[in-house]
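Chains as they are written, first to last, in my numbering: chain A, 1 to 290; chain B, 1 to 237.
If you are wondering where the hints come from, they were derived from the structure by calculation, not from laboratory data.
Beta carbons are placed, not taken as given, at the ideal position from N, Cα and C, and that holds for glycine.
There could be a bad hint or two in this list.
Chain B side only, calculated, beta carbon under 8 Å to chain A, not exhaustive [what the hints assert, rightly or not]:
1. 72
2. 82
3. 97
4. 101
5. 104
6. 105
7. 176
What the simulated footprint calls covered on chain A by chain B, stretch by stretch (three residues with Cβ under 8 Å from a Cβ of chain B suffice, anywhere in the stretch; the number is not a length) [unchecked claim]:
8. 156-169
9. 172-178
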Amino acid sequence: MEAFFYQVLSGLATGGIYASLALALVMIYNATHLVNFAQGEMAMFSTYIAWTLINAGMPYWAAFFLTVAISFAGGVVIERVVIRPFERQDAVLAVVTVFIGLLLILNSVAGWIYEYTLKVFPSPFPETSYFGGMLNGHQLGLFGVTFVTLILVYLFFRFTPLGLAMRAAAQNPESSRLVGIRVSWMLALGWGLAGAIGAVAGMMIAPIVYLDPSMMTGVLNYGFAAALLGGISNPWGAVLGGFIVGVLENLMGDYVVGTELKLTVALVIIVGVLVLKPSGLFGKTLVTRV
Amino acid sequence: MAAILEVKDLHAFYGPTHVLHGLNFGIEPGGITTLLGANGAGKTTTLRAVCGMVTTRGHVTFEGQALTGKATEDIVRRGIAHVPEGRGTFADLTVEENLRLGAYTRKDKGNITGDFDRVYRYFPTLKERSKQQAGTLSGGEQQMLAVARALMMRPRLLLLDEPSFGLAPMIVQDIFNILRTINREEKVAMLLVEQNASLALNIADHAYLLETGRVMISGTSDVIKNDDSVRRSYLGY
Chain A
1 MEAFFYQVLS
11 GLATGGIYAS
21 LALALVMIYN
31 ATHLVNFAQG
41 EMAMFSTYIA
51 WTLINAGMPY
61 WAAFFLTVAI
71 SFAGGVVIER
81 VVIRPFERQD
91 AVLAVVTVFI
101 GLLLILNSVA
111 GWIYEYTLKV
121 FPSPFPETSY
131 FGGMLNGHQL
141 GLFGVTFVTL
151 ILVYLFFRFT
161 PLGLAMRAAA
171 QNPESSRLVG
181 IRVSWMLALG
191 WGLAGAIGAV
201 AGMMIAPIVY
211 LDPSMMTGVL
221 NYGFAAALLG
231 GISNPWGAVL
241 GGFIVGVLEN
251 LMGDYVVGTE
261 LKLTVALVII
271 VGVLVLKPSG
281 LFGKTLVTRV
Chain B
1 MAAILEVKDL
11 HAFYGPTHVL
21 HGLNFGIEPG
31 GITTLLGANG
41 AGKTTTLRAV
51 CGMVTTRGHV
61 TFEGQALTGK
71 ATEDIVRRGI
81 AHVPEGRGTF
91 ADLTVEENLR
101 LGAYTRKDKG
111 NITGDFDRVY
121 RYFPTLKERS
131 KQQAGTLSGG
141 EQQMLAVARA
151 LMMRPRLLLL
161 DEPSFGLAPM
171 IVQDIFNILR
181 TINREEKVAM
191 LLVEQNASLA
201 LNIADHAYLL
211 ETGRVMISGT
221 SDVIKNDDSV
231 RRSYLGY
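The following block holds chain A by itself, in its conformation from the complex:
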């Protein structure tokens, strides 16, 4: 029974990472109606920036917040430079190609600058264990950081004029222009937020999986599964999906399929959701009148 609780708790902790990554995916999905395949690599690259800053002698939390800021700016720049040219056209395939291009470029550039060897990324949290050894300090800390991030995002969208304008722009671009919202910039801000949230996820997962250019490949799969499970258009669904996938991954890995096949769980969830309930648990069913 103790092992079961252990799996659930640590599943919730990693689930937090999936939740933030899923949330980043939703940000961009709501702006472009496409899934950003490069989200994981953006997070990985941000983590390398943090690693560089920390190695240069910067205190952890200063590096943390500076990285979040840089990643926000990076997200905005990516949107302005490579996504914006396709904004007005219905060029789904072109944008998807850009996403994959970004993935490859970020991956190769990271490998070129930092090499492909594993690097140790520090955790700011103590190594003591809690709950009778069930959770270590980092797991508890990452849960806290994720939680704070999600709350901040919620407060931003719910209570600030800019958050409201971003929600409006995602929902109805034409009406948004008619009330004077600069829709195009709202999309760029969405990319910035996705970059910043992804950076938090990357810095929190890196102490667990070690830092290397492919560190997010597996994690992104869980993020996709989380976003799809919760409903890719619904931020809160995606967050809940993250926690569900985290717990499910652990339980399935321990009791059903074995650790080696854990990633398969994510893929089974993706396929299962797409087949059985494409809009996810809490997503909105898209109805088009013809």
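Since chain A is already given, all that's left is putting chain B on it; use the hints.
Just chain B now, kept in the frame of chain A:
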């Protein structure tokens, strides 16, 4: 009186399709002007052209400043509010959030609370439903919300695209009465596009009749009402 909106030789295009063929008209400050015409005459396109939502050629001037080639969000920031065809409310947002978005570009944030009271006075049902999602409102209430959201911008020109569309006659009468009150109390000029010509002519001071993207007849509402061809084709008596 100098026109608040002046349209000269306006052409509009949807892709290769030429929809407006050199429109000329003007709107007086504080007055209500209506554009009449059959389906496909170019009424909606004219409103969209004023707001930079279609490709255009020609001249549109608002309070002496050229609007041609400007982005929609910059045009509306100058004091033109557009209530689009199909109302364009944000269905997933609450009534209050919709109204708040109407005030999004306002610089005088301190007066916005007063404006909530002001639009709720015109449309009391919106106050009762302020926490409700806009998508759950009836058609008439959504139209009221669309007008109310436009008023939150404190516009000097209000473009209205078929406010009667899909609504029961009694509700339409209500909305038109409120529009007239708003026009009188706030001195906001209105450009009204309407299928229902008799309704529009009753409220408007001035009317233009469009046919296939051109102005055919123009004049005061009383003159147009008594024009034989208009009566036969659009008023049905």
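Problem - Contradicted hints - numbers only - result: 7
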